[in-house]
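For the record, the sequence lines run as chains A and B.
Sequential numbering from 0 applies to the first sequence in numbering that gives the first Met the number 0.
Sequential numbering from 0 applies to the second sequence in numbering that gives the first Met the number 0.
Misleading hints may appear alongside valid ones.
To spell it out: a stretch of chain B is covered by chain A in this simulated footprint if at least three of its residues, at any positions, have a beta carbon under 8 Å from a beta carbon of chain A; those stretches are [as the list claims (entries may be wrong)]:
| # | segment |
| --- | --- |
| 1 | 74-80 |
| 2 | 140-151 |
| 3 | 172-181 |
| 4 | 205-212 |
| 5 | 237-250 |
| 6 | 259-266 |
Rather than coming from a laboratory, the hints here were simulated on the basis of the structure.
C-beta atoms are modelled at their ideal positions from N, C-alpha and C, and glycine is treated no differently.
Now for the letters of each chain:
There are 2 protein chains.
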Amino acid sequence: MEWINRHNVLIVGLGLMGGSYAAALKSIGYTVYAIDRDKASIDFALENEIIDKGSVTNDEALISEADCIILALYPAIVVDWVKDNQRFFKPGIRITDVTGIKSCVVYDIQDLLREDCEFIAAHPMAGRELSGVQHSDPSIFKDANYIVVPTDKNTTDAAEWCANLGRILGFGRVSFLSPEEHDRMIAYVSQLTHCIAVALMTCSDNEHIKDYTGDSFRDLTRIARINENMWAELFHMNKDALLEEMNLFIGELTDIKDMIENDDDEGLKAKMRLSTERRSKFDKKRRYEK
Amino acid sequence: MEWINRHNVLIVGLGLMGGSYAAALKSIGYTVYAIDRDKASIDFALENEIIDKGSVTNDEALISEADCIILALYPAIVVDWVKDNQRFFKPGIRITDVTGIKSCVVYDIQDLLREDCEFIAAHPMAGRELSGVQHSDPSIFKDANYIVVPTDKNTTDAAEWCANLGRILGFGRVSFLSPEEHDRMIAYVSQLTHCIAVALMTCSDNEHIKDYTGDSFRDLTRIARINENMWAELFHMNKDALLEEMNLFIGELTDIKDMIENDDDEGLKAKMRLSTERRSKFDKKRRYEK
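For reference, chain A alone in the conformation it holds in the complex (with noise of 0.2 Å):
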């Protein structure tokens, strides 16, 4: 296994999928260290041994004792902190990272990068509705699928690296995707769920009907306590893929909607038929996997 021979993992950014990755990595027996710029996370990270080391600046000592890189930073840093400290780097060593969008991020850090080191692109497909190292929590893996987003410049072995890094921690599923695939598909499956939640929860006045709610508008709403700053950050950088997805949407809402008004019952059951039989699919594959 080529991971034995990476065994000092640096962890950039230790938030709550950082310090997940975090836990993980050290219980099985990785040398971690972590850089954070709140003092307060890393503090907690030390304390509650999910790191080795860390360090609340971009060090040279520690980011220099790397084998391997994980970036768990907001998309909008992450290019420039390759960028300013890939200096540091430990000769040939691998990079991968964490972050929620991929065409716009992955094909710039490979630009700048140095040419003897290789930065493979990933996305962990789990979270919580809390942030921060003081919630990480390694079992969020379990069951969660892992997407490896290797371009035409990454290497088979640097893919498998990063695929089996997903194995490592635990992923219910390891598989590939371009990063045009990639951002096509999380438009719709996460950024379009994740501003439907929000719209659900502010268009109306709620306060008084909060009392009332049955199970469907809670499982509607869970994601709707969101961290605005990160998710800003995400729709921005994948404004196109999401605008049309939302256009999609709320094309769809709005026939629905008609037919309603226009008392189309047979138009209003054929889509609803069309949901069951696809939604059904979905809970078939997921039960053959378990």
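Dock chain B against chain A, hints included.
Chain B alone, transformed into the frame defined by chain A:
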């Protein structure tokens, strides 16, 4: 307990909800009768001792033995069932229901009902993605909301009797709303959410992405597996309130889309902060209650 004097319970319509009521009431000692036109449903319930007696017709002997009646029929036929069969009712009985919409059902039944009987409406806010008595399960009532929907015609005694039924069945919270309040609330928290889930499932050909979905998409589409005949009736019978909520939601989501399109990050973050604040209150309320 007045419930002791109303020992013979007749359930009309033995689907998921009727079956779950029957199983719960029989298990705590009531004598439970059921009427359903589907022989397989009656046979299943008898074999599994969910009911004591059943009939596939509106059997005079069975109806006249009932001390109280629970109407668990589809919304569009519930009024007619009372009109056609009330001549068989034992004097002074109470009738309640499980219908998901109220204004267009409650007043009609109360207007036509025999003077010596009383109809008091209720909405058990519980369910599953599967229908039929074969999937009935009284545990769906646990932690769920049960809403009593009295009108000016109802006695306090009947409303309290109906609330006690909710408590006996094991609901987590029993509350009271007028038919109009109920229908506005349900248009938002239940009917709109089902329309959104269906539109999310049907707006885009998603066959190829079902292997990459995270929890958010699965949460938002759980209820997209839907009984199209029942929900078409519910949408139709609460049309005005539902269309109003759909317009509010589509307007709100369009505002969010415009913010993304125009790079209005401050507007977007304000929406997400409001969403987070409101959703946190929902969580808190639930935690206190447990």
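Hint check results:
no. : hint    : result
1   : 74-80   : violated (count 0)
2   : 140-151 : holds (count 3)
3   : 172-181 : holds (count 3)
4   : 205-212 : holds (count 7)
5   : 237-250 : holds (count 10)
6   : 259-266 : holds (count 4)
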